[in-house]
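Student: Residues per chain are reported as follows:
There are 2 protein chains.
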Amino acid sequence: MLILDGKNASQSIKDSLKNEVNDLIAKNIKPGLGIILVGERKDSHTYVRMKKNACKEVNINNFDVILPENIDESTLLININEMNQNSEIHGILVQLPLPAHINEEKILSQVSLIKDVDGFHPENIGKLALKRLENICVPCTPDGCLKILDFYDIEISGKHCIIVGRSNIVGMPLSLLLLHRNATVTICHSRTKDLQEQVKRADIIFAACGRTQMIKKNWVKEGAVVVDIGINAIDDATKKSGYRLVGDVDFAEVKEVASAITPVPGGIGPMTIAMLLEHTVKACKRQCL
Amino acid sequence: MLILDGKNASQSIKDSLKNEVNDLIAKNIKPGLGIILVGERKDSHTYVRMKKNACKEVNINNFDVILPENIDESTLLININEMNQNSEIHGILVQLPLPAHINEEKILSQVSLIKDVDGFHPENIGKLALKRLENICVPCTPDGCLKILDFYDIEISGKHCIIVGRSNIVGMPLSLLLLHRNATVTICHSRTKDLQEQVKRADIIFAACGRTQMIKKNWVKEGAVVVDIGINAIDDATKKSGYRLVGDVDFAEVKEVASAITPVPGGIGPMTIAMLLEHTVKACKRQCL
Numbered sequence: 000m001l002i003l004d005g006k007n008a009s010q011s012i013k014d015s016l017k018n019e020v021n022d023l024i025a026k027n028i029k030p031g032l033g034i035i036l037v038g039e040r041k042d043s044h045t046y047v048r049m050k051k052n053a054c055k056e057v058n059i060n061n062f063d064v065i066l067p068e069n070i071d072e073s074t075l076l077i078n079i080n081e082m083n084q085n086s087e088i089h090g091i092l093v094q095l096p097l098p099a100h101i102n103e104e105k106i107l108s109q110v111s112l113i114k115d116v117d118g119f120h121p122e123n124i125g126k127l128a129l130k131r132l133e134n135i136c137v138p139c140t141p142d143g144c145l146k147i148l149d150f151y152d153i154e155i156s157g158k159h160c161i162i163v164g165r166s167n168i169v170g171m172p173l174s175l176l177l178l179h180r181n182a183t184v185t186i187c188h189s190r191t192k193d194l195q196e197q198v199k200r201a202d203i204i205f206a207a208c209g210r211t212q213m214i215k216k217n218w219v220k221e222g223a224v225v226v227d228i229g230i231n232a233i234d235d236a237t238k239k240s241g242y243r244l245v246g247d248v249d250f251a252e253v254k255e256v257a258s259a260i261t262p263v264p265g266g267i268g269p270m271t272i273a274m275l276l277e278h279t280v281k282a283c284k285r286q287c288l
Numbered sequence: 000m001l002i003l004d005g006k007n008a009s010q011s012i013k014d015s016l017k018n019e020v021n022d023l024i025a026k027n028i029k030p031g032l033g034i035i036l037v038g039e040r041k042d043s044h045t046y047v048r049m050k051k052n053a054c055k056e057v058n059i060n061n062f063d064v065i066l067p068e069n070i071d072e073s074t075l076l077i078n079i080n081e082m083n084q085n086s087e088i089h090g091i092l093v094q095l096p097l098p099a100h101i102n103e104e105k106i107l108s109q110v111s112l113i114k115d116v117d118g119f120h121p122e123n124i125g126k127l128a129l130k131r132l133e134n135i136c137v138p139c140t141p142d143g144c145l146k147i148l149d150f151y152d153i154e155i156s157g158k159h160c161i162i163v164g165r166s167n168i169v170g171m172p173l174s175l176l177l178l179h180r181n182a183t184v185t186i187c188h189s190r191t192k193d194l195q196e197q198v199k200r201a202d203i204i205f206a207a208c209g210r211t212q213m214i215k216k217n218w219v220k221e222g223a224v225v226v227d228i229g230i231n232a233i234d235d236a237t238k239k240s241g242y243r244l245v246g247d248v249d250f251a252e253v254k255e256v257a258s259a260i261t262p263v264p265g266g267i268g269p270m271t272i273a274m275l276l277e278h279t280v281k282a283c284k285r286q287c288l
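Going down the list, the sequences are from chains A and B. Heads up: the first sequence runs through residues 0 to 288, numbered per numbering that gives the first Met the number 0. Heads up: the second sequence runs through residues 0 to 288, numbered per numbering that gives the first Met the number 0.
Because the hints were derived from the structure by calculation, they are not lab data. Worth double-checking, as some hints may not be accurate.
It does not matter which identical chain is meant; a pair holds if it fits inside one copy or across any two.
What the hints assert, rightly or not - With a straight-line cut-off of 20 Å between C-alpha atoms, the simulated SDA-like cross-links for lysine to any residue are:
| no. | residue 1 | residue 2 |
| --- | --- | --- |
| 1 | K29 | N85 |
| 2 | K281 | N60 |
| 3 | K51 | L1 |
| 4 | K216 | M0 |
| 5 | K105 | E122 |
| 6 | K220 | E196 |
| 7 | K130 | I168 |
| 8 | K13 | N78 |
| 9 | K192 | K215 |
| 10 | K220 | R200 |
| 11 | K192 | K220 |
| 12 | K105 | E133 |
| 13 | K192 | S156 |
| 14 | K51 | Q109 |
| 15 | K238 | L76 |
| 16 | K130 | N167 |
| 17 | K192 | I153 |
| 18 | K130 | I101 |
| 19 | K192 | H179 |
| 20 | K130 | I106 |
All figures in this text were calculated on a predicted structure; none of them were measured in a lab.
Extracted from the complex, chain A is given alone in its bound form:
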């Protein structure tokens, strides 16, 4: 059984990005990422801090704006437009989720197409669906799922992939990416009947349903590959914090039947951040070279 180590895979990606960025800096070009964070959510602040640290590691400039929870849509749009116009910023990340009073789609569709390193602009999603991936960025988490499989030379083409969860951020774009890679794709969700039976048929399982350790050993075909995209906090008195993070897969059980599995933490999380850096460098090259 192989542990698909996202720290390892993402480090290798970051190492090669660092070289790319140094080449750019030698040409007087420094990639820049603009981050917009609204409100006080602890998890969002943690993610943004991790993204900023990762930028530092590979020499990407950071421009971040932290806005109050009660900000109105038009002020938020002004901030996005400023970043759209700032030539030192090549990629823009709006940390999700936004507060409930903000129309997320409206905000995301205001990000300049060429700076949309998160790939959430409707036109970029449309191009992904239409299999026109040449000049777009695709959403980071699904991209990270594919890249960790690539890193470990796990074939996707022709495989039966099942995705549990149909979110706009993970499940839906992942299904489109997997189709593009010639997988047979099944998308399951909360309304799926016989979920266990569906999952058990798959060669590769992508768990993105946000249900703590839902996928058990007897859900998984012997030898299947398991990619766990969930991040859930559960109580753990042995930890100083009082909790620890686990995925949507019961790792301890499932690793007994899987041929390969991503851990949580240390699996898709670091890959997502590496993809954000990769997309920012790509966007910078498209805009500056």
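Given the structure of chain A, go ahead and fit chain B onto it with the hints provided.
Tutor: Below, chain B without anything else, positioned relative to chain A:
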């Protein structure tokens, strides 16, 4: 076993559209559809003729432009922009396929978003993927597949739907629509292994692979619903034309095990045309009311 009669279902849709259009005409609004047809393809000319006849049936105005096979992209774009600006035209249909020297995506993304009654603009496809269906038109053939099931009160939610074929025109948008309707969706294609086995698991089968009568009786679960989107010409000496049209499903065989099945012709074909009319009326109302 129930034959899902597309002529019947589409007639009922057209009857109610005719009433809607008459109400609009009473307000001095007449819905208009612009059709752009490039080249000499016999099948394309047949489809356009059928669409024009259907427009007449429900009192939709027709504006059609027929352009030579060797037209250049910029002239084609001028024609589209004229239709974009013509306030008597509420929907624009570019008959596909376009000649090989034309960049289809570029052309389709030039159609005004609000007049895109075929739903092929990347931003409209993106909104479909993002489950934002409020103000868009979705592609006509997948829409017709859903509406014929609705007409016969066949439940989609919770069902395991399989789509054979992943084209941008049918398979891909159909998968997104079915997800939106809470189906569990599997997408198969030419690279799928064990295709027969995959198909046999499904509650509802959508055949859109363009392979003549490929789906046989022993591919279909007893009681499954079968929607045949294929249109293939096969030799038939008993016909004056020397050929007849069949689908991607072996109708004669499969009707023995299916609980319901669409015929070819007379199934999804007329539904596709009815959806084009429905989208044109919808677009007209959005623009004029």
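Student: Look at each hint and say if it fits the structure.
Tutor: Hint by hint, here is what the structure shows:
In the homo-oligomer, the alpha carbons of K29 and N85 lie at most 20 Å apart inside one protomer (13 Å), although the nearest pairing across protomers, at 46 Å, exceeds that limit. Within a single copy, K281 and N60 get their C-alpha atoms as close as 14 Å, which meets the 20 Å cut-off; across copies the closest is 47 Å, which misses it. In the homo-oligomer, the alpha carbons of K51 and L1 never lie at most 20 Å apart, since the shortest distance is 30 Å inside one protomer and 60 Å across protomers. Taking identical chains as interchangeable, the C-alpha atoms of K216 and M0 lie at most 20 Å apart only when both belong to the same chain, with a minimum of 14 Å there against 40 Å between chains.
When the C-alpha separation of K105 and E122 is checked against a cutoff of 20 Å, the pair qualifies both within a copy, at 12 Å, and between copies, at 13 Å. Proximity of K220 to E196 under the C-alpha cut-off of 20 Å is found in both arrangements, the shortest distances being 10 Å within a copy and 16 Å between copies. For a Cα distance limit of 20 Å, the shortest separation of K130 from I168 qualifies both inside one copy, at 17 Å, and across copies, at 12 Å. For a Cα distance limit of 20 Å, the shortest separation of K13 from N78 qualifies neither inside one copy, at 29 Å, nor across copies, at 48 Å.
Only within a single protomer do K192 and K215 lie at most 20 Å apart by alpha-carbon distance; the minimum there is 17 Å, versus 26 Å between protomers. Within a single copy, K220 and R200 get their C-alpha atoms as close as 7 Å, and across copies as close as 17 Å, so both meet the 20 Å cut-off. For the homomeric pair K192 and K220, the shortest alpha-carbon distances inside one copy (18 Å) and between copies (17 Å) are both at most 20 Å. For the identical chains of this complex, K105 and E133 are inter-copy neighbours only, at 14 Å across copies versus 25 Å inside a copy, given an alpha-carbon limit of 20 Å.
For a Cα distance limit of 20 Å, the shortest separation of K192 from S156 across copies, 10 Å, qualifies, whereas the shortest one inside one copy, 27 Å, does not. Taking identical chains as interchangeable, the C-alpha atoms of K51 and Q109 are never at most 20 Å apart, the minima being 23 Å within one chain and 38 Å between chains. For the homomeric pair K238 and L76, neither the shortest alpha-carbon distance inside one copy (41 Å) nor that between copies (64 Å) is at most 20 Å. For the homomeric pair K130 and N167, the shortest alpha-carbon distances inside one copy (17 Å) and between copies (8 Å) are both at most 20 Å.
Taking identical chains as interchangeable, the C-alpha atoms of K192 and I153 lie at most 20 Å apart only when they sit on different chains, with a minimum of 17 Å there against 29 Å within one chain. In this assembly of identical chains, K130 and I101 lie within 20 Å of each other by CA distance solely across copies; the values are 18 Å between and 30 Å within a copy. In this assembly of identical chains, K192 and H179 lie within 20 Å of each other by CA distance solely across copies; the values are 16 Å between and 27 Å within a copy. Proximity of K130 and I106 under a CA criterion of 20 Å is satisfied inter-copy only: 16 Å between copies versus 24 Å inside one chain copy.
When the structure is compared with the earlier hints, violations turn up for hints 3, 8, 14 and 15 and for no others.
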